[in-house]
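Keeping the supplied structure of chain A fixed, place chain B upon it in accordance with the hints.
Take a look at the letters that make up each chain.
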Amino acid sequence: MTEKTDLLRRKFLKQSTIVSSVVAMPMILTTNKASADPVEINMLAWYGHGEPDVVSEFEARNNVKFKPKYYAGGDNMVALIAQSPPGTYDIILSDGEFVQQLNESGYIEQLNADDYPFDDFLYDDFTQFPGHWKDGKLFSAMVRFGHLGVSYNKNHVTAEEAMSYQCFWKPELAGKVGHFDWHLPSLGMMSLYNGNAKPGPFDIDGGAWDKVQETTMSLRPQVGGFFDYGGTFNSLKNGEMLAMCGIGDWITGVLEKDGAPVASVVPKEGGIQWTESYCIGKGSEKAGLVNQFIQYMLSPEGQVRSAEMAAYPGFCVTNGGVSALQAANMTEAQRTGQVEGAINNPIRLIEEGRIHYRDIPQRQSLEDWNDFWSEYKNA
Amino acid sequence: MKINTQKKAVGRIGSKVDGYALTWRLPVIFWQLLFFVGPLLFTIAMTFFLVKNYRMTEAFEMKNWVKMMGKGYFWDSYFLTIGLASLATVVASCLAFPAAYALAFKVSENTRRWAIFFLIIPFFTSYLVRTFSWYVILAESGVVNNVLGWVGLGPYTMLNTKFGTMVGYMTLTLPLVIILQTLPIANVDRRLVEAAQNLGANGFWTIVKVIIPSARVGLIIGAVFCFILSFGDFVSPYYLGGSKPPTLPIMIIDTTKSGQQWPRAAVVAVIMMVTLMVVAFASIKYAYRKKS
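So the sequence lines, in the order shown, correspond to chains A and B.
Start counting the first sequence at 1; every next residue gets the next number (the numbering used here).
Start counting the second sequence at 1001; every next residue gets the next number (the numbering used here).
Keep in mind that the hints were calculated from the coordinates and are not lab data.
Computed from a prediction, not measured in an experiment: that's the story for all the values here.
A couple of the hints might just be wrong.
Straight-line C-alpha distance at most 30 Å; calculated DSBU-like pairs for lysine-lysine [said to hold, decoys possible]:
{"id": "1", "chain 1": "B", "residue 1": "LYS1052", "chain 2": "A", "residue 2": "LYS137"}
{"id": "2", "chain 1": "A", "residue 1": "LYS211", "chain 2": "B", "residue 2": "LYS1063"}
{"id": "3", "chain 1": "A", "residue 1": "LYS67", "chain 2": "B", "residue 2": "LYS1067"}
{"id": "4", "chain 1": "A", "residue 1": "LYS282", "chain 2": "B", "residue 2": "LYS1052"}
{"id": "5", "chain 1": "B", "residue 1": "LYS1162", "chain 2": "A", "residue 2": "LYS237"}
{"id": "6", "chain 1": "B", "residue 1": "LYS1071", "chain 2": "A", "residue 2": "LYS211"}
{"id": "7", "chain 1": "A", "residue 1": "LYS134", "chain 2": "B", "residue 2": "LYS1052"}
{"id": "8", "chain 1": "A", "residue 1": "LYS282", "chain 2": "A", "residue 2": "LYS134"}
{"id": "9", "chain 1": "A", "residue 1": "LYS154", "chain 2": "A", "residue 2": "LYS170"}
{"id": "10", "chain 1": "A", "residue 1": "LYS170", "chain 2": "B", "residue 2": "LYS1162"}
{"id": "11", "chain 1": "B", "residue 1": "LYS1052", "chain 2": "A", "residue 2": "LYS69"}
{"id": "12", "chain 1": "A", "residue 1": "LYS154", "chain 2": "B", "residue 2": "LYS1071"}
{"id": "13", "chain 1": "A", "residue 1": "LYS211", "chain 2": "B", "residue 2": "LYS1290"}
If we strip away everything but chain A, and leave its shape as in the complex, we get (with noise of 0.2 Å):
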């Protein structure tokens, strides 16, 4: 009997060790890859920035994984910031014309101007981006850029037509013209064709937002719809709109790549430039990996990802990074004229005075730019 007790328990001491190594082996498995596991960043931009097209390469690198938020738009982006506690994005991508807005509401940190090739830019102002610096203190780093004005459907439209503005009112174009729907470029145009170059088309007095209405309203009967990123793309590839307002080559030069009879200029009026330009979260306990990303995408291979972006493309701001695009796709940098004497070189035309930055409006509100839009989406 005592044996027969002595077997039991010894079975059962056996039986019940195996079922506590298994489970408890998902535990210890689980111990073992948590040291590997990559680091998360959560990043907040537009879309495409943390696809890995664009990161990869920093990840595997460093050990570390993206985990992006899109968003669309300035405005959505201070919106997302604002709605979060602080510390939930470490790395924010804002459009230049909203970094100030995030410094003056501290939602991003100080950056190390010594950390970045600022002395490599292709242009002085880049180094002092309007609003990127307060009081001798950099906030945050441009990394891309690109070029609004004109786009339009090469089978229906002329390159020399389209030099002007003055192409959306054709009357082969009724019901063909589309806008991209954000009225910040779309009204920056209109306000651009009615000569608004200086100071700026965001610059400008109640007699002159009057006009740029007045004018945006004649070509509401050639508008056949207001579309966001995939309409746009869509509307223009299967050539429902035969021209574009508000957007440029960051959008017809996917579908370009693709072999779509699509192109973008930058008319005789001047174009508006969009800036992307990346800053630290306030807060971010990785800020010393963000840095370092920061400093990939300044770095030559890191611009020619920006640059060849599969998303939207975007120019190089770095001498280097133009000269590792040209060594690397030659053609992708002829196309989009960064290549030394290009008639369409994103820094001759900014030299030629015919580049103004995107803004907010300086003196009317933002509610009332964005009222009108309403009015005129409705007319």
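Leaving out everything else, chain B in the frame of chain A:
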């Protein structure tokens, strides 16, 4: 004495049934309070809040109501949305009725089951995907215009028009309306139909005088669903109608996108809710009205 015993028994059973029913009702009540009444009250409260520096701040101000009610474009959108939703309701109801009638009266039980199954299948895929697929069909270089081109017609502009919006609404609502119409029509008492025919009514008058009145409740519920879904739909008027001009759901998005005016968007949402409630209650009351 016997009657008293029966009454007591009924009373006991009644009280037991109440407790049982209440237990089963509680989750639904709790769900509705948590996910409908609560958010609705919060949305109403939000209409009085203010936005300062892109952040919503609690307040009790009428500014948002005054602002939205005073804008002509709001009322243009409001009447446009009602108009489009009403048109979609009429079109869907008319298109659905012959199909529902055929399924209820003209096909076998087995065929009806299969047909309903196929009507449900579209709901397995995303509505957004189904909407985008219309681009290929309705574009000027799309399938429809290509076919029309063979007989020397077109091309016609169908995308970014109200016609496009209507196609999207039908994609969303038509299968559902057919199902909702089929069930009550199939339940119409066949003896009434036979009686009408025996009394000399032809097919048309049988439908008008017997089938439609008998299936009235189901037909109205189908129409109400169509109105509710179309009235609140963002996808079709935006992607197939080109947001030209915008409907109220698009206005909600626009309002939140620019300036983060969630309180003003809440005003639009509350007005939409009130409109839908008025339409739904009026329709249900009409459906269940007693014949004089």
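Hint by hint, here is what the structure shows:
1. B:LYS1052 to A:LYS137: With Cα atoms ~27 Å apart, B:LYS1052 and A:LYS137 stay inside 30 Å; holds.
2. A:LYS211 to B:LYS1063: 28 Å, holds
3. A:LYS67 to B:LYS1067: Between A:LYS67 and B:LYS1067 the Cα gap is close to 39 Å, so the pair fails against 30 Å, i.e. violated.
4. A:LYS282 to B:LYS1052: Measuring from Cα to Cα gives roughly 20 Å; hence the hint holds.
5. B:LYS1162 to A:LYS237: 21 Å, holds
6. B:LYS1071 to A:LYS211: 21 Å, holds
7. A:LYS134 to B:LYS1052: This hinted pair holds, its Cα atoms lying about 23 Å apart.
8. A:LYS282 to A:LYS134: This hinted pair holds, its Cα atoms lying about 16 Å apart.
9. A:LYS154 to A:LYS170: 14 Å, holds
10. A:LYS170 to B:LYS1162: Between A:LYS170 and B:LYS1162 the Cα gap is close to 24 Å, so the pair holds against 30 Å.
11. B:LYS1052 to A:LYS69: It holds: about 23 Å lies between the C-alpha atoms, which stays within 30 Å.
12. A:LYS154 to B:LYS1071: At roughly 40 Å apart (the allowed maximum being 30 Å), B:LYS1071 and A:LYS154 break the hint.
13. A:LYS211 to B:LYS1290: 60 Å, violated
Of the numbered hints listed earlier, those contradicted by the structure are 3, 12, 13.
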